[in-house]
Amino acid sequence: MKAGVQQNKLRSALRTMVDHIATGLAILATVLVVAPLIAIFAYLIYKGASSLNLAFFTQIPKPVGESGGGMANAIVGSGVLLGVASLLGIPVGIGGGIYLAEFGRGTRFANAVRFTADVLNGVPSIVMGIAIYSLIVFQQKHFSALSGGVALGIMMIPTVTRTTEEMLLMVPNSIREAALGLGVPTWRSVLSITLKTASPGVITGCMLAFARVAGETAPLIFTALGNQFWSTSLNEPIAALPLQIYVYAISPYDDQHRLAWAGALVLIILIVLAVSLVRYVASRGILKGAS
Amino acid sequence: MGVGIEVTNLNAWYGANHTLQDINLPIPANHATALIGPSGCGKSTFVRCLNRMHETNPIARVTGSVRIGDMDIYADASPVEIRRRVGMVFQRPNPFPTMSIYDNVASGLKLNGYSNRRALDEIVERSLRNAALWDEVKDDLKKKSGASLSGGQQQRMCIARALAVDPEVLLMDEPASALDPVSTSKIEDLIFELKSQYTIVIVTHNMQQAARVAEKTGFFLNGRMVEFDSTHKIFTNPSDKRTEDYITGRFG
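These protein sequence lines map, in sequence, to chains A and W. Sequential numbering of the first sequence, starting at 175, is according to this note's numbering. Sequential numbering of the second sequence, starting at 4, is according to this note's numbering.
Hints were generated in silico from the structure; no laboratory data involved. Don't take each hint at face value.
To be verified - Just some of the chain A residues that point at chain W, by a computed CB distance under 7 Å:
no. : residue
1   : K221
2   : K315
3   : L369
4   : T371
5   : P374
As the list claims (entries may be wrong) - Distance condition first, Cα-Cα at most 25 Å in a straight line; then the derived BS3-like pairs of lysine-lysine:
no. : chain 1 : residue 1 : chain 2 : residue 2
6   : A       : K370      : W       : K189
7   : W       : K189      : W       : K147
8   : A       : K370      : W       : K147
Glycine included, every Cβ here is placed at the ideal spot set by N, Cα and C.
Start from the sequences and build out the full structure, keeping to the hints where you can.
Shown next, in the form of structure tokens:
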């Protein structure tokens, strides 16, 4: 009897210890996940914050040799490129995800689409740049913001499609039946019930895709090209933050190096702001529960 | 007002599985009809054939005819129109999780493009009163999410949601099987109230429940309807040996 009690105590102590170890490992993993992000951010602030001033946000790049200047045109250019990319990538991507989850389930065509999306997701971004170069830039005989936006937009599609599909599949079937049982047409049920129920996850997918292409440089080299001057025309070459960072980072001038660091810092801050804003607006819409 | 249902030679399949065989059944208007039988006997499939929910499963197939009022639902109308006339309450409460109580109840109308706000307010109140839920939720109709209610309240909200589109028939597929005894008795009282206005078909595993709420009862076994008669007759003096064995608890 006493031996049994002893053994139970031992076992319980052992379990507590294993529990502590598991918790410790989980905390360690969390730190390892967050640490690189914090490290990068801290380094960017250290290197770039000193070059951030009003001129950075209001002026275009100065000629080599002159100090100062900013990246206003690149910030706006990135906004234009990402706007075009989102207008293309998000609707097409969500539409594809809806097809895969709600209409094509189990069909051969859907399997082919899913496979294509996965392959497209693995295509190196430079290849996407070359493809759009030959499809749009070469045909039009000039670089343009439009071609850059299209390249980024196509890169967004597979991520948006696959997350939309996954999120829709997580919506329980009972909810679909509830809508159909009320005499709601399928298309309406998909848009107003299933997609809406899945919307937090779908929005996360869109934001992931957005953040990923916001930092892409390679596909823009062949398409948007970059621009030292103001341009917001879709038909002309346009500046972009990642391109400007790239150009400045490989230049031989210290002044431009500093601007490149500042550019990288601004790029990350803008992505964080954009993602947070969308999440905030979306979460308010959902809590209201208006249909 | 409710309308009667006339089922003739109804057969249903899931893939190669012949789940309903030659069902013939007259369901009277403005009464509650209970369907009993062991698990897998086809009673759920049967009610799903009455509003064409059955065919939302791509491998499902149906032959035969179902007349609701003067309409043959497999010949004269689209599934969407039929489901507006034949409401359904499911086994587990299935509120729309992103919607408030108000929007849940109004959803059938709103999603079909109905937007007269004052009329909606009235319909929502009337439906919730009919579902015996109004007093419990009237203060936070638009504040609370439908999913935040208790299970029994959710199920009554789902009944209100079905009533709001003003159907003639109400199908209930084991509506109380996921609920506690208090909620169950509320739902049963409700069925008793509702049958003056609607034709009700209720699938149940619970024979006492069938005896309490229904005038007519059908006993299903292995995809066939063994016996259909007044509830009193089925539970006191069934004609078929298999019915007797089932209600006396020898199997099922």
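Evaluated hints:
Given hint, A:K221 at the interface with chain W, is violated; its Cβ is 44 Å from that chain's nearest Cβ, farther than 7 Å. The criterion of a C-beta within 7 Å of any C-beta in chain W is not met by A:K315, whose closest approach is roughly 49 Å, and the hint is violated. Because the smallest distance between the Cβ of A:L369 and any Cβ of chain W comes to about 10 Å, over 7 Å, the interface hint for this residue is violated. Because the smallest distance between the Cβ of A:T371 and any Cβ of chain W comes to about 6 Å, under 7 Å, the interface hint for this residue holds.
With a cut of 7 Å, the hint placing A:P374 at the interface with chain W is violated, because the nearest CB-to-CB distance is about 9 Å. A C-alpha spacing of about 32 Å is found between A:K370 and W:K189, which places the hinted pair above 25 Å, so the restraint is violated. At roughly 22 Å between alpha-carbon atoms, W:K189 and W:K147 fall within 25 Å of each other, so this suggested pair holds. Between the alpha carbons of A:K370 and W:K147 the distance comes to roughly 18 Å, so the proposed pair stays at or under 25 Å and holds.
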